[in-house]
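Undergrad: Taken in order, these protein sequences are the chains called A and B. Each residue of the first sequence is one higher than the last, beginning at 1 in our numbering. Each residue of the second sequence is one higher than the last, beginning at 298 in our numbering.
Some hints could be false.
[Stated by the list, open to error] Computed footprint of chain B on chain A; a stretch qualifies when at least three of its residues, placed anywhere within it, have a C-beta under 8 Å from a C-beta of chain B:
1. 71-77
2. 84-92
3. 99-110
[To be verified] Okay, derived cross-link-like pairs now, EDC-like style, lysine to aspartate or glutamate, Cα gap no bigger than 20 Å in a straight line:
4. B/Lys315 x A/Asp193
5. B/Lys315 x A/Glu177
6. A/Lys88 x B/Asp318
7. A/Lys88 x B/Asp571
8. B/Lys315 x B/Glu455
9. B/Lys315 x A/Asp127
10. A/Lys88 x B/Glu455
11. B/Lys315 x A/Glu124
[Said to hold, decoys possible] Listed next, with one range per pair, are the computed distances between beta-carbon atoms:
12. A/Arg293 x B/Arg624: 40 to 50 Å
13. A/His190 x B/Leu620: 33 to 43 Å
14. B/Val606 x A/Asp114: 17 to 27 Å
15. B/Tyr581 x A/Ala38: 52 to 62 Å
Just so you know, the hints here were simulated from the structure itself, not pulled from any lab data. Because the structure is a prediction, the values reported are computed rather than measured. Even for Gly, the Cβ is constructed at its ideal location relative to N, Cα and C.
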Amino acid sequence: MTRTLRLDGVDRSFGDRQVLRNVSFEVSAGRMTGFVGANGAGKTTTMRIILGVLAPDAGEVSWGGTTLTRQDRRRFGYMPEERGLYPKMTTREQVTYLGRLHGLDAAAARRSTDVLLDRVGLGERGDDLLETLSLGNQQRAQIAAALVHDPEVLVLDEPFSGLDPLAVDTVVAVLRERAAAGAPVLFSSHQLDVVERLCDDLVIIGDGVIRAAGSRQQLRDSYTVPRFELVVEHDAGWVRDHPGVTVVELDGARVIFDLPAGTDEQPVLQAALARGPVRAFRPVSPSLTEIFREVTQ
Amino acid sequence: MNVTQATRLVAEREIRVKLRDRTFLFGTLFFLLIAAAGTILPPLFSGGPSTVAVTESLAAPLRAAGLEVRVVPDDRAAEQAVRDDDVDAAVVAGPAVLAMDDAPDDVVRALSSQPTVRLLDPDAVDPVVAFLVPFVFAFVFFLTSQTFGVQIAQSVIEEKQTRIVEILVAAVPVRALLAGKVLAGAILAFAQIALIAVVAVIGLQMGDSGGLLTLLAPAIGWFVPFFLVGFVLLAAMWAAAGALANRQEDIAAVSTPVQLAVMLPFFAVIFLNDNATAMRVLSYLPFSSPTAMPLRLFTGDAAAWEPVVSLVILLLAAGAFLLAGARVYEGSLLRTNGRTSLRTAWRERETIG
């Protein structure tokens with residue numbers, strides 16, 4: 001089943017401040033979509049609108065081609081940015097409760113809770129009151145709470161913030177499982193390196209406007225000029241004078257330079273070989289941070 | 298899953314958590330002890346019939362009156378028995394009654410000839426009871442709606458403060474959250490009162506004050522529906538007040554209007570309960586009718602149709618407050634930065650999808 005979660009022309013204001021302008025993008029089934037933007041860019045508002053916690057002023061959210069209903073949303077898994085569960089309930093009890101609120105019957109909710117708590121490494125602490133767990137373990141409980149009803153779509157606001165590296169790995173594995181099973185997964189993060197490592201698709205938002213959206217590779221291809229790294233035996237300063245070259249960084253024998261789009265890079269290599277041994281010559285992919293800087297400027 | 302099922306799940310959780318709360322359990326136990334003590338102990342302390350020292354010639358009427366008679370050889374011995382504190386009183390030739398510092402009414406009655414008493418208003422209630430009963434009704438309603446109301450507000454704030462509310466709102470309609478909390482509060486409050494009532498009734502019978510029970514029965518019968526509807530009205534206010542707050546510390550500030558709505562009728566009923574006009578008005582006003590109307594029924598001042606009309610008014614008011622409470626609740630539940638003003642919550646509610 002390939003179903004797509006789609007936002008179409010979503011606007012939202014709080015008082016006089018317009019937070020989202022004509023926001024449109026897709027989250028495809030089976031893909032991890034990273035949602036990136038500076039603080040206050042509109043990530044959380046967008047996610048709240050997807051979950052129906054907030055209503056859009058204009059535009060709509062659709063799932064598999066039809067406008068989302070509350071019944072659809074009950075089968076979504078949501079992890080809000082601001083975390084929280086009931087402090088005076090045990091993890092097992094509240095994850096089961098949330099499963100039931102999402103429509104599972106009592107037995108199914110219990111079963112699913114047991115499996116998930118083991119999966120996130122909380123099997124043995126499941127009957128402790130939540131408030132007695134460490135913050136890291138509370139985060140794990142939060143993830144179990146978002147997944148207990150085996151959601152068809154996952155929307156996670158900053159799922160990795162506050163997690164220790166081990167927990168990050170657990171969460172990543174669980175999310176990948178869900179994506180592999182065909183669920184669209186949308187997660188926001190301001191840790192661009194994590195997003196870069198994880199996502200298949202990327203949506204970049206700035207000041208409430210979608211600045212870029214597409215697969216990671218597509219974005220790399222379309223948002224940067226060709227950039228290369230050259231390492232020679234001695235000083236590489238001559239590259240500055242090569243026609244068309246813009247030097248980005250020069251450090252003795254190592255140079256990073258841009259060429260205008262569409263220019264052949266081989267003449268630079270030939271020029272280098274003519275001067276002596278070449279230790280390395282390779283295209284440099286822009287990092288997500290660079291793309292991000294470029295599109296949000 | 299529809300709103301009803303969601304409401305039930307929410308109510309179930311509230312009740313389950315409450316039943317594990319030690320403060321709640323000890324509080325209930327405390328009330329039960331008071332109810333038992335208040336009904337069983339007073340008859341025990343009144344000490345039963347007096348003991349009387351008397352010579353055999355005067356003993357017959359005292360025995361007939363059910364007093365505990367101790368026969369002594371002469372009047373001197375009778376007087377001595379009183380002085381030694383062996384008996385409460387003595388009857389000597391005359392006949393005269395001797396006692397240390399407190400005239401023994403039952404002994405005096407046994408020796409007097411009493412005129413026939415014909416009551417023209419046989420329903421009229423013993424003045425002591427007439428003073429106590431309004432107090433008990435008003436107090437039960439005041440205390441219960443206060444205790445459980447605060448708990449409803451606290452539970453709303455807890456969900457807001459821990460931010461779990463966002464997950465809840467994404468999963469179930471906001472109305473179901475509100476309804477579940479009000480329902481759970483009403484069930485717990487009613488169960489607690491019923492338990493206390495059962496203990497009190499058993500106590501009254503053990504303490505041989507069963508007559509009072511017959512008098513109270515119709516008032517209690519009406520008190521139940523009035524209590525439940527009145528509770529729902531206040532619970533809606535408490536839930537809305539809780540949603541306006543952002544931290545448990547805010548609760549006092551946001552709940553002032555609700556506190557007044559509970560407190561003013563309480564004092565009005567306590568202080569004006571012998572003013573017929575005031576009580577008639579109070580028995581129709583939504584906030585005071587849960588206590589004032591059963592009282593007027595108890596004292597026999599209300600016609601049969603009056604509680605029905607008053608209950609309908611209360612029902613309408615509760616419905617209106619539920620709707621208004623739901624609107625404020627929806628409008629403020631997701632505002633987690635600072636206290637929300639009532640005006641903001643009412644006007645600029647988030648239209649939740």
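Undergrad: Please go over all the hints and tell whether each is borne out by the structure.
TA: Hint check:
| no. | hint | result |
| --- | --- | --- |
| 1 | 71-77 | holds (count 3) |
| 2 | 84-92 | holds (count 6) |
| 3 | 99-110 | holds (count 4) |
| 4 | B/Lys315 x A/Asp193 | 45 Å, violated |
| 5 | B/Lys315 x A/Glu177 | 38 Å, violated |
| 6 | A/Lys88 x B/Asp318 | 10 Å, holds |
| 7 | A/Lys88 x B/Asp571 | 47 Å, violated |
| 8 | B/Lys315 x B/Glu455 | 14 Å, holds |
| 9 | B/Lys315 x A/Asp127 | 18 Å, holds |
| 10 | A/Lys88 x B/Glu455 | 10 Å, holds |
| 11 | B/Lys315 x A/Glu124 | 25 Å, violated |
| 12 | A/Arg293 x B/Arg624: 40 to 50 Å | 45 Å, holds |
| 13 | A/His190 x B/Leu620: 33 to 43 Å | 41 Å, holds |
| 14 | B/Val606 x A/Asp114: 17 to 27 Å | 55 Å, violated |
| 15 | B/Tyr581 x A/Ala38: 52 to 62 Å | 60 Å, holds |
In summary, the structure is inconsistent with hints 4, 5, 7, 11 and 14 from the numbered list given earlier, while agreeing with the others.
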